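Starting from the structure of chain A, add chain B where the hints point.
Chains as they are written, first to last, in the numbering used here: chain A, 1 to 371; chain B, 1 to 371.
Derived from the structure by calculation, the hints contain no laboratory data.
Don't take every hint at face value.
Each pair may be met inside one copy or between any two copies, as identical chains are not told apart.
Result set (DSS-like, lysine-lysine): computed pairs, CA atoms no more than 30 Å apart in a straight line [claimed, not checked]:
#1 Lys31 - Lys103
#2 Lys307 - Lys370
#3 Lys173 - Lys286
#4 Lys31 - Lys140
Quantities reported herein were computed from a predicted structural model and do not represent experimental measurements.
Number of protein chains: 2
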Amino acid sequence: MRYATTLLAVLLIMCRGFSQATPPAVIEDFKPSVLNQPGQEYPQVNSQGYARFRIIAPTADSVRVSLGLGGRGGTLLKRAADSSWMGTTEGPMDEGFHYYNIKIDGGKFNDPGALNYYGSVRWESGIEIPAHDQDFYALKNVPHGNVQQVLFPSPSTNTSRRAFVYTPPGYDKDAKKRYPVLYLQHGWGEDETAWSNQGRANLIMDNMIAANSIQPFIIVMTYGMTNEVKFGGIRNFKIDSFQTVLVDELVPYIDANFRTVANATHRAMAGLSMGGMETHMITLNKPSVFAYYGLLSGGLYTPEEIKDKSQVKLVFLSCGSKERPDAVKAAAAALKNAGINAVSYISENTAHEFLTWRRSLHEMAPLLFKN
Amino acid sequence: MRYATTLLAVLLIMCRGFSQATPPAVIEDFKPSVLNQPGQEYPQVNSQGYARFRIIAPTADSVRVSLGLGGRGGTLLKRAADSSWMGTTEGPMDEGFHYYNIKIDGGKFNDPGALNYYGSVRWESGIEIPAHDQDFYALKNVPHGNVQQVLFPSPSTNTSRRAFVYTPPGYDKDAKKRYPVLYLQHGWGEDETAWSNQGRANLIMDNMIAANSIQPFIIVMTYGMTNEVKFGGIRNFKIDSFQTVLVDELVPYIDANFRTVANATHRAMAGLSMGGMETHMITLNKPSVFAYYGLLSGGLYTPEEIKDKSQVKLVFLSCGSKERPDAVKAAAAALKNAGINAVSYISENTAHEFLTWRRSLHEMAPLLFKN
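Chain A on its own, in the form it takes in the complex (with noise of 0.2 Å):
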């Protein structure tokens, strides 16, 4: 019950991640969104993180983003001279990646220019404001690795589920090499698309696997909302069901089709929000199938919680500034007072998004499988 009113408390700050400051006067920079449809000018983005939108409804009555300033219901377009609608956020966005959807005459649709990225139980528009780390989740000149798309057999569900497995650079180069493998989860209304679309957790890789700031280690995505898809669900969120498809089908079938070392000691599970919460129970209920964990703003353990603390090698917790920083830097403090190896993180300037996400696995990678 208490993850179900911290996650419910989680989801009711999803929609912050606006400054409240007074916003500084807007700078005429605007450049297309990085995320845009190929060839689409709109919406865009100024070097302050001011976004701009233009939708073309010609004989709308109403047209409103859903991103802007929280609480106030997003920014209201006007009609132009051309008879488009345009409109700026009120203020500078925080750094990142953002959800939002576009209200026309009372219906919900995505923005016709921008990509689209599953979040909220349906494919919504996405935007990203260029953070000033950036740097770490770009595309580079460096060895790639690949994500695949895998169809496993899930008797328990009776179908074939689909996951993403990102494998490093050279993984079929060496055909005796073994990895380590992190699973890692999305958050609710998310899917596996995510961690490799919003998440960018490949990219990620590459980069620190090309400076050799990591060991290499393949990342496993799945579908974790077995049987919850409709919002609400969450407060009477059972884990078994998942529990059953990731720790009795999934990791057998990865450790049966690819070279991992298959033991508890080569094995994360990370998640953010809802993943988090998932994390947080099938660590604790499969202590000998996972020894590193991982909650991306989504969540906390106590210290007797952990059973046998010598099975635990990592656990790791990260949250944005504009969360609960306090209480995960608490929560790791007492773990760490209990004789755990606890990490804390806090991203700064960012909220129950995706930067902070990007930037706690950047975080939590390099203290994997180090035992």
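Leaving out everything else, chain B in the frame of chain A:
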């Protein structure tokens, strides 16, 4: 020039796919389309192939779906009692996959109920009319190959480019086995996601391999509009840029990173529509690279064009029966007369759409890599 003209003609009939006979009475057994977003009730399809749409936009003046009777501007929705907008196509749609979008108060948007597919240089809504022969591309309980995203270096375009690579079931089990490769191109306005998403190429392969009706091979799919993003550019299409990416960069990358048989008699190139035009040009320019050629609704070869007939192991030509079947059959007959192993295939009751190409892949695959 002839190919540009052919292709323009082909593009002009892309909007067909709607039976023009007097439509039968509508049977009220509508079900959500299998391509809907999770939990979405609309769009729906009935057993006759009628499609029904429902859009929420309470204060809109006009909502029109692009799908429907060709030349009449699709299907105009009407305001229902609950102030949603609803409408049903005037007749049954062709079987298979269709792109569509929605015009709301003069703007073009996607249906929030449907999944999106990249076509027409934008992510479009998709709907599936169940085909009588859908079994060959169904997700079944058989061993599944993987579809992996690779990022390959492209010095000629100064970036890392994306390709998707289908590897057959068991690819990772036997480190000694090598495979032939089919390079398979999408059509105008589509991208490297099309053959897996709309085309279900991986499932078609999995099912044929499970049935032992083909020898397993690798499929490589990359973006073919290297220098063409805007409509209209097709008239001045130059193959050089894409040919360099494909032949000088991607083929060597695949041969270096996958267990291929790296010679022409184990390499095929095929493409749909514009991808056929590209296949035609590249196979003729580079006869020592590919020995198997496939044009799916994508033009024809004449015997005169093929200089060294001994290098060509197969020419596969196909289209839908609602396209130009006589031209395809005549071209294959002329090639056969000239001593070339040419095969034609006509997809019954389909037009310039993806069911034609799913079926074409299914017909072509058993003929590849026989010599």
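Tell me, please, which holds for Lys31 and Lys103 at an alpha-carbon limit of 30 Å: within, between, both or neither? Intra 23 Å, inter 27 Å, cutoff 30 Å: intra and inter.
Should Lys173 paired with Lys286 be assigned to within, between, both, or neither, using CA atoms and 30 Å as the limit? Classified as between; 29 Å across copies, 33 Å inside a copy.
Using 30 Å as the alpha-carbon threshold, which applies to Lys31 and Lys140: within, between, both, or neither? Only inside one copy: Lys31 and Lys140 sit 21 Å apart there, 46 Å across copies, limit 30 Å.
Status of Lys370 relative to Lys307 across identical chains (alpha carbons, at most 30 Å): within (21 Å within a copy, 61 Å between copies)
When held up to the earlier numbered hints, the structure conflicts with none and fits them all.
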